[in-house]
Amino acid sequence: MFAGFITALRNEDVPVSLTEYLTLIGALKTGVVSLSVEDFYFLARATLVKDERRIDRFDRVFAVYFKGLEAIGGEILADIPEEWLRKLAERYLTPEEMAAVQSLGGWDKLMDTLRQRLAEQKERHQGGNKWIGTAGTSPFGAYGYNPEGIRIGQNGSRHRRAVKVWDKREFRDLDGDVELGTRSIKLALRRLRRWGREGEATELDLGGTIGATARNGGSLDLKLRPERRNKVKVLLLLDIGGSMDDHVEETAQLFSAAKSEFKHLETFYFHNCPYERLWRSNRRRFDAATPTPEVMRTYGPDWSLILVGDATMSPYEITVPGGSVEHWNEESGQVWLERLLRHYPRSAWINPRDQQLWGFTQSLKLIDQLMAKRMFPLTLDGIDDALRALRHRK
Amino acid sequence: MTNSSKAGGFAGTDSYIATRDLEVAVNASVALGRPLLVKGEPGTGKTVLAAEVARALGQDLIQWHIKSTTKAAQGLYEYDAVARLRDGQLGEAKVHDIRNYIIRGKLWEAFASERQVVLLIDEIDKADIEFPNDLLQELDRMEFFVYETKETVTAKHRPVVIITSNNEKELPDAFLRRCFFHYIRFPDREIMERIVAAHYPDIKANLVREALTLFYEIRDVPGLRKKPATSELLDWLKLLMVEDIPAETLKSKDPKVVVPPLYGALLKNEQDLHLFERVAFMARRGQ
Numbered sequence: 003m004f005a006g007f008i009t010a011l012r013n014e015d016v017p018v019s020l021t022e023y024l025t026l027i028g029a030l031k032t033g034v035v036s037l038s039v040e041d042f043y044f045l046a047r048a049t050l051v052k053d054e055r056r057i058d059r060f061d062r063v064f065a066v067y068f069k070g071l072e073a074i075g076g077e078i079l080a081d082i083p084e085e086w087l088r089k090l091a092e093r094y095l096t097p098e099e100m101a102a103v104q105s106l107g108g109w110d111k112l113m114d115t116l117r118q119r120l121a122e123q124k125e126r127h128q129g130g131n132k133w134i135g136t137a138g139t140s141p142f143g144a145y146g147y148n149p150e151g152i153r154i155g156q157n158g159s160r161h162r163r164a165v166k167v168w169d170k171r172e173f174r175d176l177d178g179d180v181e182l183g184t185r186s187i188k189l190a191l192r193r194l195r196r197w198g199r200e201g202e203a204t205e206l207d208l209g210g211t212i213g214a215t216a217r218n219g220g221s222l223d224l225k226l227r228p229e230r231r232n233k234v235k236v237l238l239l240l241d242i243g244g245s246m247d248d249h250v251e252e253t254a255q256l257f258s259a260a261k262s263e264f265k266h267l268e269t270f271y272f273h274n275c276p277y278e279r280l281w282r283s284n285r286r287r288f289d290a291a292t293p294t295p296e297v298m299r300t301y302g303p304d305w306s307l308i309l310v311g312d313a314t315m316s317p318y319e320i321t322v323p324g325g326s327v328e329h330w331n332e333e334s335g336q337v338w339l340e341r342l343l344r345h346y347p348r349s350a351w352i353n354p355r356d357q358q359l360w361g362f363t364q365s366l367k368l369i370d371q372l373m374a375k376r377m378f379p380l381t382l383d384g385i386d387d388a389l390r391a392l393r394h395r396k
Numbered sequence: 176m177t178n179s180s181k182a183g184g185f186a187g188t189d190s191y192i193a194t195r196d197l198e199v200a201v202n203a204s205v206a207l208g209r210p211l212l213v214k215g216e217p218g219t220g221k222t223v224l225a226a227e228v229a230r231a232l233g234q235d236l237i238q239w240h241i242k243s244t245t246k247a248a249q250g251l252y253e254y255d256a257v258a259r260l261r262d263g264q265l266g267e268a269k270v271h272d273i274r275n276y277i278i279r280g281k282l283w284e285a286f287a288s289e290r291q292v293v294l295l296i297d298e299i300d301k302a303d304i305e306f307p308n309d310l311l312q313e314l315d316r317m318e319f320f321v322y323e324t325k326e327t328v329t330a331k332h333r334p335v336v337i338i339t340s341n342n343e344k345e346l347p348d349a350f351l352r353r354c355f356f357h358y359i360r361f362p363d364r365e366i367m368e369r370i371v372a373a374h375y376p377d378i379k380a381n382l383v384r385e386a387l388t389l390f391y392e393i394r395d396v397p398g399l400r401k402k403p404a405t406s407e408l409l410d411w412l413k414l415l416m417v418e419d420i421p422a423e424t425l426k427s428k429d430p431k432v433v434v435p436p437l438y439g440a441l442l443k444n445e446q447d448l449h450l451f452e453r454v455a456f457m458a459r460r461g462q
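As they're listed, the protein sequences go chains A and B.
Count along the first sequence from 1, then add 2; that gives the number in my numbering.
Count along the second sequence from 1, then add 175; that gives the number in my numbering.
Keep in mind that a hint or two might mislead.
Pairwise CB distance ranges (calculated) [claimed, not checked]: (1) Ile273(B) with Pro228(A): 27 to 37 Å; (2) Asp383(A) with Asp395(B): 41 to 51 Å; (3) Pro397(B) with Glu333(A): 22 to 32 Å; (4) Gln312(B) with Lys225(A): 28 to 38 Å.
Keep in mind that the hints were calculated from the coordinates and are not lab data.
In this text, all values refer to a predicted model and were calculated from it rather than measured experimentally.
Ideal Cβ positions, reconstructed from N, Cα and C, are used throughout, including at glycine.
Turn these sequences into a full structure, and let the hints steer you where they fit.
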């Protein structure tokens with residue numbers, strides 16, 4: 003019945019399976035919902051979408067696929083806003099403005115354009131200065147036809163209102179590619195959990211107890227074992243200052259999420275590219291630096307290495323000794339980075355710059371090569387991929 | 176606001192305001208006997224929903240609260256081997272029947288009930304990542320097998336299963352496929368007024384108006400760690416009523432009073448409070 007709709011959803015990356023489709027049809031058969039479009043929308047949403055981040059996408063597909071459906075049984079929609087607008091316009095426009103409207107090609111032309119633009123607006127939703135009501139660059143805005151006004155007019159039809167439920171796109175903020183709060187990062191960071199039993203024995207080990215009791219000739223011998231804990235260890239190196247200033251907020255979010263998620267987390271800072279020194283506190287970078295080899299000695303290869311930086315600098319800072327902007331480095335950044343990567347088989351570089359711009363910066367391409375495809379954007383999906391990569395040794 | 180008009184349908188209750196999409200989701204999951212997964216910001220009434228559904232349907236509520244150490248098997252039954260060993264050593268007679276050492280879990284309880292019940296599985300994301308997978312068969316077929324006694328426990332009446340999640344872990348696809356899903360959106364002002372009215376029918380209208388304005392202002396402060404939600408608002412209003420604070424205090428333009436009275440109910444940590452003080456102070460000065 004709605005097979006085309008299911009395909010449309012799948013094309014837009016909303017994972018819908020046959021099971022869910024059958025459930026939807028089953029639910030429609032039981033008649034739990036009345037025969038209104040709005041109820042059908044709610045039912046379809048509850049059945050087919052299982053993740054609030056996908057609801058926005060679902061809304062968009064629904065709007066496109068069922069366009070026109072809302073008109074069934076209702077009045078002819080196009081007439082209502084037109085009538086309404088005409089009246090409104092006649093009441094509010096001065097004769098000069100009426101003349102201006104005429105010069106655009108008359109009412110019919112105006113209404114046609116208007117309707118066409120409304121349709122476009124619904125589908126695309128973002129746009130430049132063409133849309134009605136934006137900053138007076140469109141002829142429509144100037145005469146007071148702002149989109150709100152037009153929509154109020156359409157509210158005269160009950161079915162129009164129903165459409166608005168999905169056209170409002172209330173779940174836009176929850177789309178996975180957009181939102182990036184600490185909570186969602188924490189969620190992503192959980193991928194990195196590695197369970198192990200360490201510390202005090204507080205949990206009853208049933209199997210052990212039975213075994214020991216049996217060996218003990220049947221008299222009870224209780225065995226305890228430690229609880230399972232997350233034992234993953236993370237060494238976080240953050241690029242600070244210079245071009246990173248633009249990304250302070252995202253980086254801080256990532257950092258605060260990481261801090262609460264991992265029990266074993268050590269943080270050091272570097273500038274642009276890691277060299278022979280790292281520092282723990284950015285304020286004391288010049289007097290309290292830690293030599294990089296010492297960091298590597300203290301935190302062994304069982305730690306996971308996460309570098310966060312925009313990798314945007316002069317290529318010399320990576321390739322040439324003495325290329326650093328801050329001090330004379332005996333060995334090039336490339337040597338140090340390779341040393342770190344050899345020492346830490348589990349490593350990833352997270353980059354806050356927009357991934358589409360990566361190709362335009364030479365230093366970024368260099369680092370990307372050095373990292374051997376282990377550079378990921380600082381988005382939820384990017385972090386997710388980075389953590390997945392961290393689970394496997396290189 | 177009224178109890179359901181249709182037999183067996185859920186349409187909100189006098190103390191719980193359900194939006195139409197929530198009603199549809201609940202009714203569909205009841206009709207098809209499939210679990211309903213509810214997500215949403217903390218404090219928007221996910222757990223309360225189960226109690227209200229039970230009330231609206233006139234059924235008992237069985238609650239299973241999940242902790243990080245909870246295992247799926249604990250919801251079915253647990254075999255107390257240690258007690259049996261001990262009894263064996265003491266030579267007790269009941270040791271010969273294994274059934275004496277099988278402790279029923281919440282799911283068994285719900286399956287064994289003579290009437291249909293509502294089963295709440297609260298905060299399923301707290302448990303291990305494999306937890307939902309371990310319950311797939313049980314929730315799908317509403318039956319499970321007890322190895323110790325070689326019997327199959329089948330639900331006499333498929334319980335209405337409501338599962339809440341705070342999104343701390345992703346739930347497996349196979350599990351999601353079997354559920355209906357509803358995301359409780361944060362209520363807008365209009366719905367919030369109805370919720371307040373349902374809880375405190377005789378609260379003064381101007382107090383609600385001022386309190387809600389302030390409440391949504393606080394929620395709009397960017398960068399709050401924990402935004403106050405419905406449950407916090409209701410607590411705060413109750414305090415305001417108990418302390419008999421006049422509505423005028425809430426809109427006081429006195430620059431010395433930047434923090435709303437009894438803020439402790441709304442802002443739960445000192446960073447948020449400082450942040451709000453700063454923002455409120457700037458706003459006042461700008462006026």
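Ascending list of hint numbers which this structure does not respect: As far as the earlier hints go, 2 and 3 are violated by this structure, in ascending order.
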